[in-house]
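Which chain is which? The protein sequence lines are A and B, in order.
Just so we're aligned, residue 1 is where the first sequence starts under my numbering, counting upward by one.
Just so we're aligned, residue 1001 is where the second sequence starts under my numbering, counting upward by one.
Note that these hints are calculated values from the structure, not bench results.
A couple of the hints might just be wrong.
Chain B is nowhere near these chain A residues, computed Cβ spacing over 10 angstroms in every case [to be verified]: (1) Asp117; (2) Tyr206; (3) Tyr207.
Partner residues are not named here, just some residues of chain A that face chain B (Cβ under 10 angstroms, in silico) [to be verified]: (4) Ala19; (5) Thr29; (6) Ile30; (7) Gly32; (8) Asn81; (9) Lys82; (10) Thr85; (11) Ile87; (12) Ile96; (13) Asp102; (14) Ala103; (15) Ala105; (16) Leu135; (17) Leu140.
Quick list of in silico lysine-lysine cross-link-like pairs, DSBU-like style, CA-CA up to 35 angstroms [said to hold, decoys possible]: (18) A/Lys152 x A/Lys42; (19) A/Lys185 x A/Lys223; (20) B/Lys1237 x B/Lys1223; (21) B/Lys1242 x B/Lys1152; (22) A/Lys211 x A/Lys237; (23) B/Lys1042 x A/Lys110; (24) A/Lys152 x B/Lys1042; (25) B/Lys1208 x B/Lys1185; (26) A/Lys42 x B/Lys1110; (27) A/Lys110 x A/Lys185; (28) B/Lys1185 x B/Lys1213; (29) A/Lys152 x A/Lys110; (30) A/Lys233 x A/Lys152; (31) B/Lys1042 x B/Lys1223; (32) B/Lys1233 x B/Lys1042; (33) A/Lys152 x B/Lys1185; (34) A/Lys185 x B/Lys1152; (35) A/Lys242 x A/Lys185; (36) A/Lys208 x A/Lys242; (37) A/Lys237 x A/Lys110; (38) B/Lys1152 x A/Lys42; (39) B/Lys1185 x B/Lys1152; (40) A/Lys213 x A/Lys233.
Bear in mind the structure is a predicted one, so any value in this text is a computation, not a measurement.
The beta-carbon is built from N, C-alpha and C at its ideal position, and this holds for glycine as well.
Spelled out, the chains give:
There are 2 protein chains.
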Amino acid sequence: MNQLFIIKIGGNIVDDESALAHFLQSFATIEGAKILVHGGGKLATRMAEAMGIQQQMIEGRRITDAETLKIVTMVYAGYINKNITAILQQHGCNAIGISGADANAILAHKRNSSITDYGFVGDIDQVNISFFQQLISNQLTPVIAPITHDGKGQLLNTNADTIAQELATALSHFFTTTLVYTFEKSGVLLDTNDEASVIPLIAPDYYKELKAKNLIFAGMIPKLDNAFTALDKGVSKVIIGKADQLIHLLNGHSGTTITHA
Amino acid sequence: MNQLFIIKIGGNIVDDESALAHFLQSFATIEGAKILVHGGGKLATRMAEAMGIQQQMIEGRRITDAETLKIVTMVYAGYINKNITAILQQHGCNAIGISGADANAILAHKRNSSITDYGFVGDIDQVNISFFQQLISNQLTPVIAPITHDGKGQLLNTNADTIAQELATALSHFFTTTLVYTFEKSGVLLDTNDEASVIPLIAPDYYKELKAKNLIFAGMIPKLDNAFTALDKGVSKVIIGKADQLIHLLNGHSGTTITHA
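Produce the complete structure using the sequences and hints provided.
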């Protein structure tokens, strides 16, 4: 099977013009099939503030009401997605920016919770595998904004980490798939204040041990659980590390690699 | 050759939620190959006002400065483009929303004028014909936002009428292409205050005669010149008419048809 890299960049990188430019330059040099999934960054929040739209928060989570959905659609699927695409084109990477509505790429449903109304948040039902295969076989590089749709005309806001994981899982039946989460940290750290304390390799038994000893930073647990889910469902490898070391991450010379055994 | 319809909807329709919904429902029923090009509408101006961004105007034209480009990219390529795509998907039309940067679909350069600095306005250099052929042969319906790129990482604002004409021209070598401009009027009118005064057919000689007699409303002349340019370059037929009569327009039962002879 051919190799496929699915790489997610977080909001902090998206917000930082020079960090983003550096990242995209490296990303464009990756040979073969690749997909970029980007987060949203703080621009949507700043836009909402500038327009006087009140942000509803419940337990630290932003609620996606109708006005917020409008803004995140503009910012994520418009401004960020098209700028990333234009910059990748500049570097000779034949990028195509898409949201989940385009070609029915990612079908979702509005999250159903009897406790909290999250608003227009989408949980993924299906990835349009044949569409992504079509793009990849035409040497195109999908750049995915974290906006999905429900097939009934409604756009939805979906977590970019989850999109990356669902894509990796769906495409792992056709490609040897590596899922890469990049952010501002050097990887999974034993000591969150020490960038040199990166754990190079985590397999399931070691993860259990680290969790039992409370050595994993709470904020990292959902990402790692997500990573092991992806591995269980067919993804070959998950790498977590620093966006500005992308090529080293892919070579296994930086960051944390999560593997099955 | 197969038939291809390239249909442009203007800003007034895009701004009117129920008129847009009605138009998209009709558009989705068109059999075979079709492309939708949409204008911008007033939402970008309203957004800029809400954010306190001053709109620079020169001779009634909005200048696309960096802040305005950011907003039109958000609104045209984000909000409007993705909503139209989601609604077409709802109606069973396999739409894919794209801007000129996506897959290098429409390459342009920043307009060069020694008299007026239009800002980030793009004049089209090249349409990526093979990409559009690829989409159409995969039964996808491109939905195009009036944003292009220069191949050097810069997004540009490009007139939607011109995009529709350039696409129709480029694709007319491979399809029997009909270009349709839809807006809120019933067609080219002999009397701009009388919707019943639609001219059903305009050929070059009649156009010369109408212009000589000053019978063409000034605002319509660029659209008609554009239409004859398209015909000269290989487009089979141009139709101008009311968005809410789309199917009648395509059947020749409404609007103004512009033909070569």
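Status of each hint after checking the structure:
1. Asp117: A/Asp117 is indeed farther than 10 angstroms from all Cβ atoms of chain B, at 21 angstroms.
2. Tyr206: With a cut-off of 10 angstroms, A/Tyr206 remains clear of chain B, as the shortest Cβ separation is near 42 angstroms.
3. Tyr207: Given that every Cβ of chain B is farther than 10 angstroms from that of A/Tyr207, nearest at about 38 angstroms, it holds.
4. Ala19: violated, 16 angstroms
5. Thr29: violated, 16 angstroms
6. Ile30: Violated: closest Cβ of chain B sits about 18 angstroms from A/Ile30, beyond 10 angstroms.
7. Gly32: Hint violated; A/Gly32 Cβ to chain B Cβ min 18 angstroms, cut 10 angstroms.
8. Asn81: holds, 8 angstroms
9. Lys82: Where the cut-off is 10 angstroms and the nearest Cβ of chain B is about 5 angstroms from A/Lys82, the hint holds.
10. Thr85: holds, 5 angstroms
11. Ile87: holds, 5 angstroms
12. Ile96: holds, 4 angstroms
13. Asp102: holds, 5 angstroms
14. Ala103: holds, 4 angstroms
15. Ala105: Holds, because the Cβ-Cβ distance from A/Ala105 to chain B comes to roughly 9 angstroms (cut-off 10 angstroms).
16. Leu135: A/Leu135 check passes; min Cβ-Cβ to chain B is 9 angstroms, inside 10 angstroms.
17. Leu140: At about 6 angstroms, which falls below the 10 angstroms cut-off, the nearest Cβ of chain B leaves the hint on A/Leu140 intact, so it holds.
18. A/Lys152 x A/Lys42: Roughly 29 angstroms separates the two Cα atoms, so the pair holds.
19. A/Lys185 x A/Lys223: holds, 13 angstroms
20. B/Lys1237 x B/Lys1223: Cα-Cα ~14 angstroms, so holds.
21. B/Lys1242 x B/Lys1152: It is violated: about 38 angstroms lies between the C-alpha atoms, which goes past 35 angstroms.
22. A/Lys211 x A/Lys237: Holds, because 20 angstroms separates the two Cα atoms, which is no more than 35 angstroms.
23. B/Lys1042 x A/Lys110: Holds - the C-alpha atoms of A/Lys110 and B/Lys1042 are around 29 angstroms apart, at most 35 angstroms.
24. A/Lys152 x B/Lys1042: holds, 26 angstroms
25. B/Lys1208 x B/Lys1185: With a Cα-Cα distance of about 22 angstroms, the restraint between B/Lys1208 and B/Lys1185 holds, given a limit of 35 angstroms.
26. A/Lys42 x B/Lys1110: holds, 29 angstroms
27. A/Lys110 x A/Lys185: Given that 35 angstroms is the threshold and the Cα spacing comes to 32 angstroms, the pair holds.
28. B/Lys1185 x B/Lys1213: Holds: B/Lys1185 and B/Lys1213 sit about 22 angstroms apart, inside 35 angstroms.
29. A/Lys152 x A/Lys110: Judged against 35 angstroms, a Cα distance of about 11 angstroms means the pair holds.
30. A/Lys233 x A/Lys152: Distance ~29 angstroms between A/Lys233 and A/Lys152 Cα, so the pair holds.
31. B/Lys1042 x B/Lys1223: This hinted pair holds, its Cα atoms lying about 20 angstroms apart.
32. B/Lys1233 x B/Lys1042: holds, 32 angstroms
33. A/Lys152 x B/Lys1185: Roughly 30 angstroms separates the two Cα atoms, so the pair holds.
34. A/Lys185 x B/Lys1152: holds, 30 angstroms
35. A/Lys242 x A/Lys185: Answer holds: A/Lys242 to A/Lys185 is near 5 angstroms, not above 35 angstroms.
36. A/Lys208 x A/Lys242: With Cα atoms ~24 angstroms apart, A/Lys208 and A/Lys242 stay inside 35 angstroms; holds.
37. A/Lys237 x A/Lys110: Distance of about 30 angstroms is within 35 angstroms: holds.
38. B/Lys1152 x A/Lys42: holds, 26 angstroms
39. B/Lys1185 x B/Lys1152: violated, 39 angstroms
40. A/Lys213 x A/Lys233: Distance ~27 angstroms between A/Lys213 and A/Lys233 Cα, so the pair holds.
Violated hints, listed in ascending order, are 4, 5, 6, 7, 21, 39; each of the other numbered hints is respected by the structure.
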